[in-house]
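Protein chains in written order, with the working numbering: chain A, 1 to 138; chain B, 1 to 126.
For the record, the hints were derived by calculation from the structure and aren't laboratory data. Idealized CB from N, CA, C, for every residue including glycine. A hint or two may mislead.
To give an idea of the interface, some chain B residues facing chain A are shown, with a C-beta separation under 8 Å as derived from the structure [unchecked claim]:
hint : residue
1    : Arg27
2    : Gly30
3    : Ala32
4    : Ser34
5    : Ile38
6    : Ala41
7    : Ile45
8    : Phe77
9    : Leu81
10   : Gly84
11   : Leu88
12   : Asp91
13   : Thr119
14   : Tyr122
15   : Val123
16   : Ala126
Now the stretches of chain A that chain B is said to cover, found in silico as 3 or more residues with beta-carbon under 8 Å [stated by the list, open to error]:
hint : stretch
17   : 33-43
18   : 56-69
19   : 72-78
20   : 81-88
21   : 128-134
Ranges of calculated distance between the beta carbons of each label pair, as one might list FRET restraints [as the list claims (entries may be wrong)]:
hint : chain 1 : residue 1 : chain 2 : residue 2 : range
22   : B       : Ile31     : A       : Ala72     : 29 to 37 Å
23   : A       : Ala118    : B       : Leu114    : 33 to 41 Å
24   : A       : Leu111    : B       : Leu114    : 40 to 48 Å
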Amino acid sequence: MAKSLSLTSSTALRDENVLRRVRHLGSARDGLKEWRLQRLTAFALIPLGLYFVASMLRLATSTRMTATAWLASPAAALLVILFVLAGLAHMMVGLRSVFLDYVHTRARLLLAELILRAATTILAGASVLAVLKLFLGR
Amino acid sequence: MERPLSPFMFPTWYRFQITSFLSILHRLTGIALSVGSILLAWWLIAVAAGGQLFTATHAFIASPIGIVLLVLWSAAFFYHLCSGIRHLVWDLGYGFQIRDAYRSGYAVLIATALLTALTWLYVFLA
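Sequences and hints are given; from them, build the entire structure.
Below is the structure:
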């Protein structure tokens, strides 16, 4: 254990907490935000996901409707963008929990989380860009 | 110090239970869907870009291996959806009795099989 500082008994508990926070030990204290986001995106993804699957079915079985024509409509473009954003946010929180469970070295965990966030952001940006391109017709 | 490793728990030492199996399956399908999201983004970009990229992507999706991957992806999606609803019901505070957990677990498996089968019957018959 690191060398202990001399603490007066009256401020010992507070000083210990301050030291722990400076050393980035203990909980991150914002787990509730992530838990709520996970549930929120989960609720949203029930209708959004079903809409996406239904649209895929329609595209797969129709001879006339193309993906380009489908995404040219504003409702479809909006729903697909919402589906992608909600899905990727949900995915990021979920995969973060998986990493926390299975990656035990702090350095590797931070690296894995960095890669995860970078990949998710890039995927989200690229997907929204693709849908916008189709919607705007350029 | 070398510590003894426990023998592989399932199924020799630890009885198979539907609850733990569905739980790990929820995680596994989540990971599979995460990989699938990369392909989803790829498909959207291919549709937007058009041209050679789109025809190549479409050819792969329509190929036998593409169809197999889609079937697996849809099964994972439906399972994660039904199991996720089961989790949300728990979050609301219902269904914690062992009997209810088992029943909802079997319901999730049946719903997944039904949804996947209906979806692909629709694709191949319509």
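Against the structure, the hints:
A hinted interface residue such as arginine 27(B) counts as satisfied when its beta carbon comes closer than 8 Å to some beta carbon of chain A; here the least separation is about 7 Å, so the hint holds. Of the supplied interface hints, the one on glycine 30(B) holds, with its beta-carbon coming within about 5 Å of a beta-carbon of chain A, less than 8 Å. Contact between alanine 32(B) and chain A, as hinted, is not supported at the beta carbon level, the nearest pair being about 11 Å apart and thus beyond 8 Å. Hint status for serine 34(B) relative to chain A: holds, with the closest Cβ pair at about 5 Å, below 8 Å.
Interface hint at isoleucine 38(B): satisfied, since its Cβ lies 7 Å from the closest Cβ of chain A, which is below the 8 Å cut-off. The interface hint given for alanine 41(B) holds, since its Cβ lies 5 Å from the closest Cβ of chain A, which is under the 8 Å cut-off. Contact between isoleucine 45(B) and chain A, as hinted, is supported at the beta carbon level, the nearest pair being about 5 Å apart and thus within 8 Å. A distance limit of 8 Å between C-beta atoms decides the matter here; for phenylalanine 77(B) the minimum to chain A is near 7 Å, and the interface restraint holds.
The interface hint given for leucine 81(B) is met, as the beta carbon of that residue sits about 6 Å from the closest beta carbon of chain A, less than 8 Å. Checking glycine 84(B) against chain A by beta carbon gives a least distance of about 6 Å; that is within 8 Å, so the hint holds. With a least beta-carbon distance of about 6 Å to chain A, the hint placing leucine 88(B) at the interface is held under the 8 Å criterion. This hint holds: aspartate 91(B) has a C-beta 6 Å from the nearest C-beta of chain A, less than the 8 Å allowed.
Given hint, threonine 119(B) at the interface with chain A, holds; its Cβ is 7 Å from that chain's nearest Cβ, closer than 8 Å. Interface restraint check: tyrosine 122(B) against chain A, minimum CB-CB distance 6 Å, threshold 8 Å, status holds. Annotation: interface hint on valine 123(B) holds; nearest CB of chain A at approximately 5 Å, less than 8 Å. Checking alanine 126(B) against chain A: minimum C-beta separation of about 4 Å stays under 8 Å; hint holds.
Counting residues of the stretch 33-43 of chain A whose CB lies closer than 8 Å to any CB of chain B gives 3, so the stated coverage by that chain holds, three being the minimum. Requiring three or more residues with a Cβ within less than 8 Å of a Cβ of chain B, the coverage given for the stretch 56-69 of chain A holds, as 5 such residues are present. For the stretch 72-78 of chain A, the assignment as covered by chain B is violated, since 0 residues bring a beta-carbon within under 8 Å of that chain's beta-carbons and 3 are needed. With a cut-off of 8 Å between beta carbons, the stretch 81-88 of chain A has 3 residues touching chain B; three or more are needed, and the interface restraint holds.
Counting residues of the stretch 128-134 of chain A whose beta carbon lies closer than 8 Å to any beta carbon of chain B gives 5, which meets the minimum of three for the stated coverage. Checked against the hint of 29 to 37 Å, the C-beta distance between isoleucine 31(B) and alanine 72(A) comes to roughly 34 Å, which is consistent with it. At roughly 38 Å, the beta carbons of alanine 118(A) and leucine 114(B) sit within the given window of 33 to 41 Å. Look at leucine 111(A) against leucine 114(B): about 42 Å separates their beta carbons, and that is inside 40 to 48 Å.
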